[in-house]
Amino acid sequence: MLVVGGGIGGLGAAFSLTRQGRAVRLLESAPAFGEVGAGIQLAPNCTRILDDYGLLDEAKSLGVVPDAMVMRDAVDGSELTRLDLRHLEERYGYPYLVIHRSDLHGLLLRACGRAGVELVNDARVTAYENTEDGARVTLASGETHEAGLVIAADGLHSAARKLLVDDQPVSSAYVAYRGTVPAEQPRVRSADLSEVVVYIGPRCHFVHYGLRGGEMLNQVAVFESPKALAGQDDWGTPDELDAAFADTCDVVRDGLPFMWRDKWWRMFDRDPVMTWVHGRIALLGDSAHPPLQYIAQGAIMAIEDGWVLGEHVARHRAEDGTVDWTAALAAYEAVRPEHCRRVLTTSRKWGELWHLDGLAREQRNALLRARDTYDYSFTDWLYGPTALTPDQEPEMFTPIPLDSAELAEPVAAGGTA
Numbered sequence: 000m001l002v003v004g005g006g007i008g009g010l011g012a013a014f015s016l017t018r019q020g021r022a023v024r025l026l027e028s029a030p031a032f033g034e035v036g037a038g039i040q041l042a043p044n045c046t047r048i049l050d051d052y053g054l055l056d057e058a059k060s061l062g063v064v065p066d067a068m069v070m071r072d073a074v075d076g077s078e079l080t081r082l083d084l085r086h087l088e089e090r091y092g093y094p095y096l097v098i099h100r101s102d103l104h105g106l107l108l109r110a111c112g113r114a115g116v117e118l119v120n121d122a123r124v125t126a127y128e129n130t131e132d133g134a135r136v137t138l139a140s141g142e143t144h145e146a147g148l149v150i151a152a153d154g155l156h157s158a159a160r161k162l163l164v165d166d167q168p169v170s171s172a173y174v175a176y177r178g179t180v181p182a183e184q185p186r187v188r189s190a191d192l193s194e195v196v197v198y199i200g201p202r203c204h205f206v207h208y209g210l211r212g213g214e215m216l217n218q219v220a221v222f223e224s225p226k227a228l229a230g231q232d233d234w235g236t237p238d239e240l241d242a243a244f245a246d247t248c249d250v251v252r253d254g255l256p257f258m259w260r261d262k263w264w265r266m267f268d269r270d271p272v273m274t275w276v277h278g279r280i281a282l283l284g285d286s287a288h289p290p291l292q293y294i295a296q297g298a299i300m301a302i303e304d305g306w307v308l309g310e311h312v313a314r315h316r317a318e319d320g321t322v323d324w325t326a327a328l329a330a331y332e333a334v335r336p337e338h339c340r341r342v343l344t345t346s347r348k349w350g351e352l353w354h355l356d357g358l359a360r361e362q363r364n365a366l367l368r369a370r371d372t373y374d375y376s377f378t379d380w381l382y383g384p385t386a387l388t389p390d391q392e393p394e395m396f397t398p399i400p401l402d403s404a405e406l407a408e409p410v411a412a413g414g415t416a
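If you use numbering that gives the first Met the number 0, the sequence shown closes out at 416, no skipped numbers anywhere.
Fair warning: there could be bad hints in the mix.
In silico DSSO-like pairs for lysine-lysine, Cα to Cα no more than 30 Å straight-line [stated by the list, open to error]:
#, residue 1, residue 2
1, K262, K161
2, K348, K262
3, K262, K226
4, K226, K348
5, K262, K59
6, K348, K161
Just so you know, the hints here were simulated from the structure itself, not pulled from any lab data.
Please construct the entire structure, taking both the sequences and the accompanying hints into account.
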């Protein structure tokens, strides 16, 4: 079997399939394996899989298991709502974990090495095609590789996706800045590293949480770019970062000097597609479902994809070890696209909710403040066990209309509060 792409999704799939007795070769375009970025959040639907893989203890030793997730208003800093993550672990059976992206990547890379995955660098795949009994990929060098199955975990700009749909990434006009702050900085000592905190504001938000056992504070600043909305090519620049957060509270503004200001991540996703399989070529991870990051499920969906595919390989393996690939891929495609469609569309809506202004912001804040800390109606569909069949996919939550919020009566001009 071939897996194309050495990111979190590709490594997770390679490990999952190797567990099922398959020989896997993984092709990575870069000259060395690595992951760019900072922190990543792993909800119980992911830590459950890491536990099944025997990797959860190592992940916990590298990351932080926070006590709470807190949502605050970015303008006045007030608390809007929270999740008790220790109680959430009791509900779903597995912890909510935050970890450095490179640590998660390294963990999966080591697991693949131990499992016997053949890891190949400097192998940029430029073309995919089906063969009589499998599939073939062609590298930029002209070299070809063939296998009974090819998993395309080749990211947002997937070459394999073109076999299935002629589409382009969708720009959100939002951009993310990241940064980590070492523990010796007063900024870290003033933060509660037992909490994941998100400050939501008009056309911007700011996230911070501890990493590596409290050795550092991870920060993410996200905002809508006026230059992007105006159609300019040079968008998301540091001057826009400063302007976007000019009216936010002190805690948020105090974090801005610690952001990496020489690089930023423009936020794209793609419209959901329901067909992921083309013969013996299957999409996985961001090649199939690149999301916006508002519900922190991008890497998790990719890990889930690999786990589900591995489980269906096991279900469709004969006693002699041969796999009915047609049936296994059909079962994979029967369940994963619909789940990921839900995540992609919910991520977009959640981003809209975070970035409201004016009356809509006041209504949102009132609804969030009225929420019970132990209300899981908005997470049960996501954090429970990963579905293997369509009938296992839980029902979605029921949205609450903004105009149902009960707002305090405005004070009349000249009156008293």
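Hint check results:
1. K262 / K161: The given pair, whose Cα atoms are some 29 Å apart, holds under the 30 Å limit.
2. K348 / K262: With Cα atoms ~27 Å apart, K348 and K262 stay inside 30 Å; holds.
3. K262 / K226: 17 Å, holds
4. K226 / K348: 22 Å, holds
5. K262 / K59: Between K262 and K59 the Cα gap is close to 29 Å, so the pair holds against 30 Å.
6. K348 / K161: Distance ~27 Å between K348 and K161 Cα, so the pair holds.
Violation of the numbered hints given earlier is absent; every hint is satisfied by the structure.
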